[in-house]
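Trainee: Throughout the first sequence, residue numbering follows numbering that gives the first Met the number 0, covering 0 to 422 in sequence.
It is worth saying that the hints were derived from the structure and are not from the lab.
Here the structure is a predicted model, which means the values were calculated and not measured.
Just so you know, even glycine gets a beta-carbon here, dropped at the ideal spot from N, CA and C.
A hint or two may mislead.
Claimed, not checked - Derived Cβ-Cβ restraints for the label pairs, each shown as a range:
1) PRO15 - SER211: 58 to 64 Å
2) PHE35 - ASN287: 19 to 25 Å
3) PRO179 - ASN245: 37 to 43 Å
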Amino acid sequence: MANIVQAVRGTQDYFPEDMAVRNWLYSQMRSVSESFGYQEYDGPFLERFDLYAAKSGAELVEKQSYVFEDRGGEKIALRPELTPTLARMVASRQRQLTYPLRWWSFGPFWRYEKPQKGRSREFFQWNIDMIGEDSPEADAELAAVAASFLRSVGLQPSEVQVLVNNRQLMQQELEALGIPAAKHKLVFGLVDRRDKLSAAAWNEYGAELGLSQAELGGIQKIISDQQLWKKSPSLVRFFEAVAAHNASDYVRFGPQIIRGLDYYTGTVFEAWDTAGEFRAIFGGGRYNDLVNAVGGDPVPAVGFAVGNVVISLMLKALGRLPQLSAGAPIYVTVFGEEQLAASLTLAAELRSAGLAVASHLAADKLQKQFKQADRLGAKVVLVLGPDELQQKQVTLKDLRSGEQRNLPQTELAAELKRILSAT
RNA sequence: GUGGAUGUAGCUCAAUGGCAGAGCACCGCAUUGUGGAUGCGGUGGUUGCGGGUUCGACUCCCGUCAUCCACCCCA
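Hey, can you work out the whole structure from these sequences and the hints?
Mentor: So, in structure tokens, the structure goes:
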């Protein structure tokens, strides 16, 4: 045990049961994406480091990127996020594409962070974006996609909420307080910490940023005003559209939501578990300047990203993960040496008929073979002994009901399909 | 990057400087044509790793690695 080479810190091994969960999530993401007409794409896992510089958050670029120099002296990064890649891809074919683009992707990302629960150095993300449409209705469609996804994995509105805010609204409100635009970024950082610091510590931090007591009081008033969204015509339209999507139960206004990445320009949103036990489940927003920033003409865009780690932890904690068995539902035993070939052939014929079948490979005790079938999650076990062979029959045992019967080999494939589809 | 906690069997955990254990899991038998339940028996350990103190270290000290927690940041 102590001699086993350790896995790289912050990475996760996906054993079959873990892979089943990841693939199940992937399939939910795929079906929700496709149900809204989004198309799957992917970018390279390696990008030039420059792509991220000054376009993502400084923390993400300077501290959390895996960066190396390739043999040609090029500074290369393992992608820490997908959005800049998407912007680059759009810019490179800007005139050939039909807008709005509805694109989604699922793949690995790397960030050099200190691993904790729900945060690893290698993780998977679902990214889904709409590009070329600058409207509250576009933002609302993404929120509706998010709500559909939460519903599809079995999370209730009482358990997860998508909190939405608008950066422009917040900037207007700050300016109304007399806080200059140059300070807004720092103030956003302050807003982000409202829930984490005590009132006194928060005030102290605000004072360090050079804010007066009057300004701090004003900021507090803004971020606790649940009706503030009514001042933003854009958010009003947004919530109307969300209601039309039948997604209102999952989506509400959250004046404290700001987000760390620098490229967001308008609507921003994050999903949180209402119990507050986990970190953010996903986050996203509108980024209208990013395509321009990577060298294309300006194109408006909105999207969000969901990591696989937090949502898996949460579904597991809530007991919402479905029963996922990766093994074949049919297990063919080997009665004895003499029947080995016939048993393998039986399995081969069933596979030709379109069934998934695992074969035992030796004439072990049937007890052992049944036990193995049970543990591998098989639903049906087949036995081909001398009696069955003589009568051209097969014994079929349903492991769930415990019922067992003989039937002619010619009827076997059809009967198995009937039994397995019945569940 | 900062601060803190914890590493003992496959898993969950005992052993408070003096023989490394239990439950679950696993293997075998009861049961030579049948899984799950039960009974009995059995396998399994560089106590994360390296060093130090001691007659003697799972236990105390130092270092290191890993995990977890709070910051930071964020999926």
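Trainee: Using the Cβ atoms, figure out if PRO179 sits within 37 to 43 Å of ASN245.
Mentor: holds (42 Å)
Trainee: Looking only at beta-carbon atoms, does the pair PRO15, SER211 fall within the given range of 58 to 64 Å?
Mentor: holds (59 Å)
Trainee: Falls inside 19 to 25 Å, the C-beta gap from PHE35 to ASN287?
Mentor: holds (21 Å)
Of the hints listed earlier, there is not a single one the structure fails to meet.
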